[in-house]
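Peer 1: Construct the entire structure; sequences and hints are all you get.
Below are the chains, spelled out letter by letter.
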Amino acid sequence: MGIFRKWRGVPFARRAPTESGEDVPIRVAKMTASHVLWWHSHVQPIIDRDPTRADNGWNWLLYVPFAEVAGRVLVRKPAGYTVGLCDSERDRFVPCALVQLLGRVPALDDHRRESVFVWFLSTAPDEALTTIDGHPIREDQIPRRLGTIALDVAVTHSLNARRIGRTALYADERGGDVLLKWYGRRGMTVLPQDDKLPPGPRRLLKPSDGRYCYYTVPAALEASKKLDPLR
Amino acid sequence: MPTPTAAFADAAAKYGDVDPEDIEAVQKWFAEELPMLPPEAIERIFDDLLARDGDSELREIVPVYPDRARLPSLSSSPPIAAPLLAEPWKRILSRLFGRL
Chain B
1 MGIFRKWRGV PFARRAPTES GEDVPIRVAK MTASHVLWWH SHVQPIIDRD PTRADNGWNW
61 LLYVPFAEVA GRVLVRKPAG YTVGLCDSER DRFVPCALVQ LLGRVPALDD HRRESVFVWF
121 LSTAPDEALT TIDGHPIRED QIPRRLGTIA LDVAVTHSLN ARRIGRTALY ADERGGDVLL
181 KWYGRRGMTV LPQDDKLPPG PRRLLKPSDG RYCYYTVPAA LEASKKLDPL R
Chain A
1 MPTPTAAFAD AAAKYGDVDP EDIEAVQKWF AEELPMLPPE AIERIFDDLL ARDGDSELRE
61 IVPVYPDRAR LPSLSSSPPI AAPLLAEPWK RILSRLFGRL
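Residue numbers (this note's numbering), protein chains in the order written: chain B, 1 to 231; chain A, 1 to 100.
FYI, nobody ran anything at the bench for these hints, they're computed from the structure.
Among these hints, one or two may not hold up.
Computed cross-link-like contacts, BS3-like style, restricted to lysine-lysine with a CA-CA straight-line distance of at most 27 angstroms [what the hints assert, rightly or not]: (1) B:Lys77 to B:Lys206; (2) B:Lys30 to B:Lys196; (3) B:Lys196 to B:Lys226; (4) B:Lys206 to A:Lys14; (5) B:Lys226 to B:Lys30; (6) B:Lys77 to B:Lys196; (7) A:Lys28 to B:Lys196; (8) B:Lys206 to B:Lys226; (9) B:Lys206 to B:Lys196; (10) A:Lys28 to B:Lys30; (11) B:Lys181 to A:Lys28; (12) B:Lys196 to B:Lys225.
Peer 2: Pasting the structure below:
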């Protein structure tokens, strides 16, 4: 199954569970300026009121140029994705999670291989989805497992871009042990503090400190399989 | 994750002569000026930003939020195409030969 998945690629999630028990339709789209403009006007102010969130103070208006324009020319192949709720009747797309990743960096567990690296990943707090002017979402219709779905976007990109699932990230210190454990529950391995990062400026400026996490190929395939019911 | 906002402001100041305290000017530079630069310059800026990935925020940049941006439309947010072989075979055949 794993070999087949690596060979044929994987579609992104198309549904998300809700408290009502019914799934809601979602779409993974290329991140665009209109997505981040809406996010920065409506979602980020709510995130910024919570100093405990790792994404407090982020500014997606600064990140999108790399995904939208510069991604074509940069060696590390940045890519940006928006996970959004679909309302086809009213032609509305409600961004619920944003993911900015680098498509080509050395893998943490095998420096000769290439991996995807998650640079920024953020999910909308419930309040941001229930307070949309003219388009409030009912509490029991809020998509759940958004963090898992957003992380799966990176793994899916890795599978489809011939990185065979290898995906890494740095767990922000502000997220503390809770964030590290969250990534661990999703099958990621923490790079031991004594292990060296791949050659590059990061090895000197931000050496391994026990907060770099990565998916091995088997772990990525397993995590990807777990989300199949939502594809 | 991630590179702090201050690092983006510093990059705009270094490469675009923008006031790093003026976050709206920094945003405008990244959105409008950065894509016009030659690829080598963008690569250098990108390297600078990645080198500061995981930095603790050195100074606070007061955010400015756009006013009442419109909710994006579904039609302008097309889904990312799945690899052809990952699609169910019925859908692939429908695409190739029309409705079955």
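Peer 1: With reference to the structure, classify each hint as holding or not holding.
Peer 2: Evaluated hints:
1. With a C-alpha separation of about 21 angstroms, the suggested pair lysine 77 of chain B and lysine 206 of chain B falls inside the 27 angstroms cut-off, and the hint holds.
2. Taken as a hint, the lysine 30 of chain B and lysine 196 of chain B pair is broken in the structure, with Cα atoms around 33 angstroms apart against an allowance of 27 angstroms.
3. Between lysine 196 of chain B and lysine 226 of chain B the CA atoms are separated by roughly 31 angstroms; this puts the pair beyond 27 angstroms, and the hint is violated.
4. For the hint pairing lysine 206 of chain B with lysine 14 of chain A, the CA-to-CA distance comes to about 22 angstroms; that is within 27 angstroms, so the pair holds.
5. A distance of roughly 23 angstroms separates the Cα atoms of lysine 226 of chain B and lysine 30 of chain B; the hinted pair therefore holds under the 27 angstroms criterion.
6. For the given pair, lysine 77 of chain B sits about 23 angstroms from lysine 196 of chain B by alpha-carbon distance, which is consistent with the 27 angstroms threshold.
7. For the given pair, lysine 28 of chain A sits about 38 angstroms from lysine 196 of chain B by alpha-carbon distance, which is inconsistent with the 27 angstroms threshold.
8. Proposed proximity of lysine 206 of chain B and lysine 226 of chain B is contradicted: the alpha carbons are some 32 angstroms apart, above 27 angstroms.
9. The straight-line distance between the Cα atoms of lysine 206 of chain B and lysine 196 of chain B is roughly 11 angstroms, inside the 27 angstroms bound, and the hint therefore holds.
10. Among the hinted pairs, lysine 28 of chain A with lysine 30 of chain B is consistent with the structure: their alpha-carbon atoms are about 21 angstroms apart, no more than 27 angstroms.
11. A hinted pair counts as satisfied when its Cα atoms are at most 27 angstroms apart, and lysine 181 of chain B with lysine 28 of chain A does not qualify at roughly 38 angstroms.
12. For the given pair, lysine 196 of chain B sits about 30 angstroms from lysine 225 of chain B by alpha-carbon distance, which is inconsistent with the 27 angstroms threshold.
Violation of the numbered hints given earlier is confined to hints 2, 3, 7, 8, 11 and 12; the remaining hints are satisfied by the structure.
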